[in-house]
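Assemble the complex: chain S is given as a structure, and chain L must be docked to it using the hints.
Residue numbers (our numbering), protein chains in the order written: chain S, 1 to 439; chain L, 1 to 295.
You may find that some hints are simply not true.
Lysine-lysine pairs mimicking DSS-like chemistry, simulated, CA-CA at most 30 angstroms apart [stated by the list, open to error]:
#: 1; chain 1: S; residue 1: K312; chain 2: S; residue 2: K346
#: 2; chain 1: S; residue 1: K434; chain 2: L; residue 2: K55
#: 3; chain 1: S; residue 1: K413; chain 2: S; residue 2: K116
#: 4; chain 1: L; residue 1: K55; chain 2: S; residue 2: K221
#: 5; chain 1: S; residue 1: K345; chain 2: S; residue 2: K384
#: 6; chain 1: S; residue 1: K260; chain 2: S; residue 2: K378
#: 7; chain 1: L; residue 1: K292; chain 2: S; residue 2: K420
#: 8; chain 1: L; residue 1: K55; chain 2: S; residue 2: K127
#: 9; chain 1: S; residue 1: K243; chain 2: S; residue 2: K127
#: 10; chain 1: S; residue 1: K328; chain 2: L; residue 2: K55
#: 11; chain 1: S; residue 1: K312; chain 2: S; residue 2: K221
No wet-lab data here; the hints were simulated from the structure.
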Amino acid sequence: MLKRHLMAAAAATAILAGAAAPVLADMSIEYNESFATLVENGVKNYEAANPGQKVNLIKLPSDGYQDRVALDLSSGSAPDLIMVDSFLVAEYAGTNYLLPLDDMLKGWDQFQYYSKGLLDVASYNGKVYALPTDTDVRMLWYNRADFAKAGLPDPWTPKTWDDVLAAAQKLKDAGVPDGWLIPAGKKAEEAATMQGFYMAMLGAGAPAGDTNRLRVRDQDKWIGDSPAIRKTLQLYHDVYVDKKVGLAADTDLDFAPTNKAFLDGKIGIMASGSWENSCLWDCNGVNVPSQADRDKIVAWAPWPGNGEPGNKANTNISGGWTIAISAKAPDPANAFKVLTAIFDKKNFLDWTVAGHRMAVRTDIATDPAYTADPFLAKATELAKDTTGRDTVPGYAKVSALVQQMTAEILDGKSVDDVVKEYNAALVDEFGADKVVTIK
Amino acid sequence: MAQASPWLRSARGPMILAMLPALLLVAALIYFTAWAITYSFTNLELTGPNSLNWKWIGFDNYVRLFTRQGFLGSLWVTVIFTFFSAIVGQSFFGFVLASTLRRLHGWRRVSVEVAIMLGWLLPDIVAAFLWQATASDIGFINTLIIQPLGFPAYNFVANHALAVVIIANVWKGTAWSYLLFSAALDSISREILEAARVDGATGLQRVWLVILPIIRSHIATNMLFITIWTFTYFPLIYALTGGGPGSQTEVLSIFMYHQSFGVGKLGYGSAISLAMVMIVGVLSVFYLRQLKEPK
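The shape of chain S in the complex, shown without the other chains (with noise of 0.2 angstroms):
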């Protein structure tokens, strides 16, 4: 993790002198610095093609980013543009914070490639509200000089989350410091959700309708107790509690520089995504080994279910995301210039490379330059059976007490107190009617 308070007093000092320069910014942009790339070049390419015309790019690190963004939005001071992770462009839509894409998207020639399925995530009441950057799949992803030591199995392919823990505790015994992250607690906001919770709820036992999931979707009602959520929330007990096999303050502390105490090989196992084939280096590709030099320090395996009979082999769930044009921005027509700008193909296909991002266009997904990575086509084959989050205004609450959930459990309370709190709160939110309990 970065070390996000003097990130963010660098960016406000950034900020500051920004505005101090006697620039007068036509529009700005707010966005996370992992996708700083895309967005700067699409941006410089804007301004070549509109002399005259500005654009204030607010970067800002990732930690942290959610709040900031959220704040502004309510609190009407957003810029023009802003990234969003998908998850909550269906929470900023319906509170209508969001400006509705679909008249202008269907000016725009380039429209046509975005796949149906992954527009799904940044729409809201069949409204597009913002356009997707990428998407992602998820994996445990394994320093392999770590394996070595411990004598594991390379490649390795762990069926069970028995096998993941005793892999955990080999590593251990072998004297890494971590055996396994699985990212929980607060400061890991969505990753907690993501990379950890939801990809180990997917496989807790075999699932009949929604039962491994936080919503049951065709009812409406969020999961306020199921044995999925459970034995979740178990695993993360053996995890960080029971048999300690990892360490709580990689992934709840400030200061942890995650990824390279990852690479540096004092974390055997990380529960992470996509998107780390370049971010354990740098997120926008720049100065990342070559791809062989990479594969020589990690490798990945699938995410197991947890082995109980009838149960998938493999997890797996999507994410990403998106920039949407603020529903107050006093001219969304060249607001939109920007995005188009941002999104042309030119642009979009050399940051998807570079980066490694799972495309979200046909034609670049198509696009030889794409086609040749081994790396995508190897994560491609998990984006076949995957699924997404439940993107409904709510669900970043609901995020938000699953983290809480995990964060207790690091505290050391038991399984049964912390699904508890969670039901009531659940039922503080929403209302007992919207809170069913799956036996």
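Leaving out everything else, chain L in the frame of chain S:
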């Protein structure tokens, strides 16, 4: 009401003008407090359906302070943090330093004072970075002391997060108590101390029976300030641990931040902040009573 002086009556215009800043300040204070109180009786949220269609929910938020986990746990962490870092740490060390440094003069005193003041003057974010660089598994303590002695690296921040933030806050805040107690000790006349000495009082007795009663009101003032500061302290802890791991260092201010802006429950966050105001208010009344000279 007493008759206003002719001078005041003739200068009413300028007087009202001079009062404007104070009136504005009071108005802003009342405005924000009124909002916080109003919010605390609603289910208003930062985003989502409850941000548009919020409802009055009476005292539900206040009931949840006690029936839901989080608040009481954070209150306990805050009490420990305040007691050890402010009341015990800063006050005690501030007094000890002030009384011992009185005998020191010249460069030795200046260098110690500069060292004490440096912690106080450094921005919280920088201080957090320094303590991280000191106490982490790749920090100074490990690379300079523990590893050269042949022990494995030990991550103090990760394993004793609360202790580290308490020590960091003692380091950061002792300067204030030191300055206040230095001034207080200077105000004690030499004659009284010498009289006590002549009467055969030991060192400890002079401190306990003579010095402490004389500077009693200074102690209360100091306690008042540092308790309020420490009870609502946010930046150093947030920057150093963010409240983690788990909720080990989640003091009330961080808990309120998480609930208001992480989960997005502005109503509940307002209730937490009002509960903090009440607790600090009660403590302040207690200290203010101590400030009065005993009759």
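Hint-by-hint comparison with the structure:
no. : hint             : verdict
1   : S/K312 to S/K346 : violated, 39 angstroms
2   : S/K434 to L/K55  : holds, 17 angstroms
3   : S/K413 to S/K116 : violated, 43 angstroms
4   : L/K55 to S/K221  : holds, 21 angstroms
5   : S/K345 to S/K384 : holds, 24 angstroms
6   : S/K260 to S/K378 : holds, 24 angstroms
7   : L/K292 to S/K420 : violated, 49 angstroms
8   : L/K55 to S/K127  : holds, 28 angstroms
9   : S/K243 to S/K127 : violated, 47 angstroms
10  : S/K328 to L/K55  : holds, 25 angstroms
11  : S/K312 to S/K221 : holds, 24 angstroms
Violated hints, listed in ascending order, are 1, 3, 7, 9; each of the other numbered hints is respected by the structure.
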